[in-house]
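S.K.: Residue numbers (my numbering), protein chains in the order written: chain D, 2 to 132; chain X, 10 to 239.
Because the hints were derived from the structure by calculation, they are not lab data.
Remember, predicted model here, so these are calculated numbers, not experimental data.
In this text, a Cβ means the ideal position worked out from N, Cα and C, and glycines have one as well.
Don't take every hint at face value.
Far from chain D, by Cβ distances over 12 Å, these chain X residues were calculated [as the list claims (entries may be wrong)]:
1) D51
2) D73
3) T78
4) E80
5) W104
6) S186
Derived pair list, reagent style DMTMM-like, types lysine to aspartate or glutamate, alpha-carbon separation capped at 25 Å [what the hints assert, rightly or not]:
7) K82(X) x E34(D)
8) K86(X) x E34(D)
9) K174(X) x D33(D)
10) K88(D) x D77(D)
11) K88(D) x D216(X)
12) K72(D) x D49(X)
13) K30(D) x E63(X)
14) K93(D) x E197(X)
15) K64(X) x D33(D)
16) K72(D) x D216(X)
17) K86(X) x D69(D)
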Amino acid sequence: MTLPETAKDPTPLANAIPQPGSAKKLDPKVFDEPWQAQAFALTVTLHENGLFDWPEWAEFLSAELHQDSAKQDGSDYYSHWLTALEKLLTSKGLVDVPSVAALTESWKRAAHATPHGTAITLENDPAGGAA
Amino acid sequence: MNLGGAAFKLRSRNSARMHFREDAKISDDHHHDHDNHLSDMDAKVRALQTILVEKGLVDPAAVDVVVETYEHKVGPKNGAKVVAKAWVDPEFRAWLEKDASAAINSLGYVGRQGEHMHAVFNTPEQHNMVVCTLCSCYPWPVLGLPPVWYKSPPYRSRVVYEPRKVLGEFGVELPDSTKIKVWDSTAELRYLVIPMRPAGSDGLSEDELVELVSRDSMIGTGLAHAPGQE
Numbered sequence: 002m003t004l005p006e007t008a009k010d011p012t013p014l015a016n017a018i019p020q021p022g023s024a025k026k027l028d029p030k031v032f033d034e035p036w037q038a039q040a041f042a043l044t045v046t047l048h049e050n051g052l053f054d055w056p057e058w059a060e061f062l063s064a065e066l067h068q069d070s071a072k073q074d075g076s077d078y079y080s081h082w083l084t085a086l087e088k089l090l091t092s093k094g095l096v097d098v099p100s101v102a103a104l105t106e107s108w109k110r111a112a113h114a115t116p117h118g119t120a121i122t123l124e125n126d127p128a129g130g131a132a
Numbered sequence: 010m011n012l013g014g015a016a017f018k019l020r021s022r023n024s025a026r027m028h029f030r031e032d033a034k035i036s037d038d039h040h041h042d043h044d045n046h047l048s049d050m051d052a053k054v055r056a057l058q059t060i061l062v063e064k065g066l067v068d069p070a071a072v073d074v075v076v077e078t079y080e081h082k083v084g085p086k087n088g089a090k091v092v093a094k095a096w097v098d099p100e101f102r103a104w105l106e107k108d109a110s111a112a113i114n115s116l117g118y119v120g121r122q123g124e125h126m127h128a129v130f131n132t133p134e135q136h137n138m139v140v141c142t143l144c145s146c147y148p149w150p151v152l153g154l155p156p157v158w159y160k161s162p163p164y165r166s167r168v169v170y171e172p173r174k175v176l177g178e179f180g181v182e183l184p185d186s187t188k189i190k191v192w193d194s195t196a197e198l199r200y201l202v203i204p205m206r207p208a209g210s211d212g213l214s215e216d217e218l219v220e221l222v223s224r225d226s227m228i229g230t231g232l233a234h235a236p237g238q239e
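The shape of chain D in the complex, shown without the other chains (with noise of 0.2 Å):
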C-alpha cells in the first residue's frame, strides 16, 4: 500500500462523521442534489457504453480529489466528480471545453426564461440554444 501525498494531514474526521444514532441507519440518503446522481449515473452508463475503462475512470478522479482545494469534510466530492468527467471526456475528444462551457449558459438562461413549476428544457433558452 502506498500512501497518499496527503497522508500526514492532521485533520479530525469529526465534521464528516454522522452524528451518533445515524450510524444504524442502512438507507441515508445516497445524494444531497439530483444533479449529483445526474453526474454519477452519467459516468456510470458512458463507461457501460464502452467510452473508457474503469481504473482510466478512477486515475481522472483521483487527481481532482487529491487537489489541495478538496474539502476535508468530503461535501464537495461531486464537484469534483463532474470536473473528473468533462476532463476525461475531453481528453477523449468527446466534449470541448467551449461547447460544454457555451451549453452551460444556454441551460443557465432556459432556466431562468422557465416559469417556476414547469419543466426546463433548453428551447426555452431566450438566446436560442448554444450556438
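Assemble the complex: chain D is given as a structure, and chain X must be docked to it using the hints.
M.R.: Same frame as chain D, but now just chain X:
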C-alpha cells in the same frame, strides 16, 4: 463498443426531452424571485448530457435507470444479508473466504464494482478496515454508494497511518491485543468486512441477525450491534 447503432440519437437539440429531474430552486436574487435557477454544476451536467445524447453516445433513459438503481435499490442491506448468512452457514462462510465474488453473486448481488470482491473476516486477533486512498472505490452491489466520510480526504489519508485513532473517532475502542489491518481498495479489487457475530445473538434467526449488521461494520469503522442495542 456497442452503442446499439443510432438508437439513442435524438432528432435535434430542441426536441431532446431529457429526463432531468427538476431541482431548480427559486433564486435568492430578489430581482428574479419568480425564476428558476440552475447551479453551475447542475447546468454543466445537463450540458454534458445534452452533447453526449446528441452524439448518440448515451441514452438518457439508461442514465435514469442507473439513478433509480442507486437511489432506491442497492444498499448496505445486501451486505448485511451476506454477513448474516456467513454467521449461520459454515459452508457459505468457507465459500466467501475462498471466492467472495461467486458466493456474493449466488445471493443475487451482482453488478458494477462487485466483480472482484474479497471478504476479510474480523477475529479477536485482527480487526479489518477498508479505505480507498486513490479515490472512492467501494463494493456497490453489497453496500450501495459510499458515505461522505469514506470519500473525505482525512479518512482516506489518516486511516492508513493511525487506524486505531480513526476507529476511536467512530466510537470504537479495541483491546491493544487486537491488531488492525487496513485494506486499500482499487478499481479492480473491493473488500467487504465480515464483522464478528455479537455476543448474545445465538438464538436469533438469519433475518433477525441481518438487523444487527450496520453499514459501518462492513467497512470496519463499526462493529455489529448487540441484540437489543439501538
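S.K.: Against this structure, judge whether each hint is valid.
M.R.: Going down the list of hints, with the structure as the test:
1. D51: With a cut-off of 12 Å, D51(X) comes too close to chain D, as the shortest Cβ separation is near 4 Å.
2. D73: violated (7 Å)
3. T78: T78(X) not clear of chain D: closest Cβ-Cβ about 8 Å, inside 12 Å.
4. E80: Given that some Cβ of chain D is not farther than 12 Å from that of E80(X), nearest at about 5 Å, it is violated.
5. W104: Holds, because the least Cβ-Cβ distance between W104(X) and chain D comes to about 24 Å, which exceeds 12 Å.
6. S186: holds (23 Å)
7. K82(X) x E34(D): holds (18 Å)
8. K86(X) x E34(D): holds (23 Å)
9. K174(X) x D33(D): Not satisfied, since the Cα-Cα distance of roughly 29 Å exceeds 25 Å.
10. K88(D) x D77(D): Holds, at roughly 17 Å.
11. K88(D) x D216(X): Since the Cα atoms of K88(D) and D216(X) sit roughly 45 Å apart, the hinted pair is violated (cutoff 25 Å).
12. K72(D) x D49(X): holds (18 Å)
13. K30(D) x E63(X): violated (31 Å)
14. K93(D) x E197(X): holds (22 Å)
15. K64(X) x D33(D): The given pair, whose Cα atoms are some 29 Å apart, is violated under the 25 Å limit.
16. K72(D) x D216(X): violated (39 Å)
17. K86(X) x D69(D): violated (35 Å)
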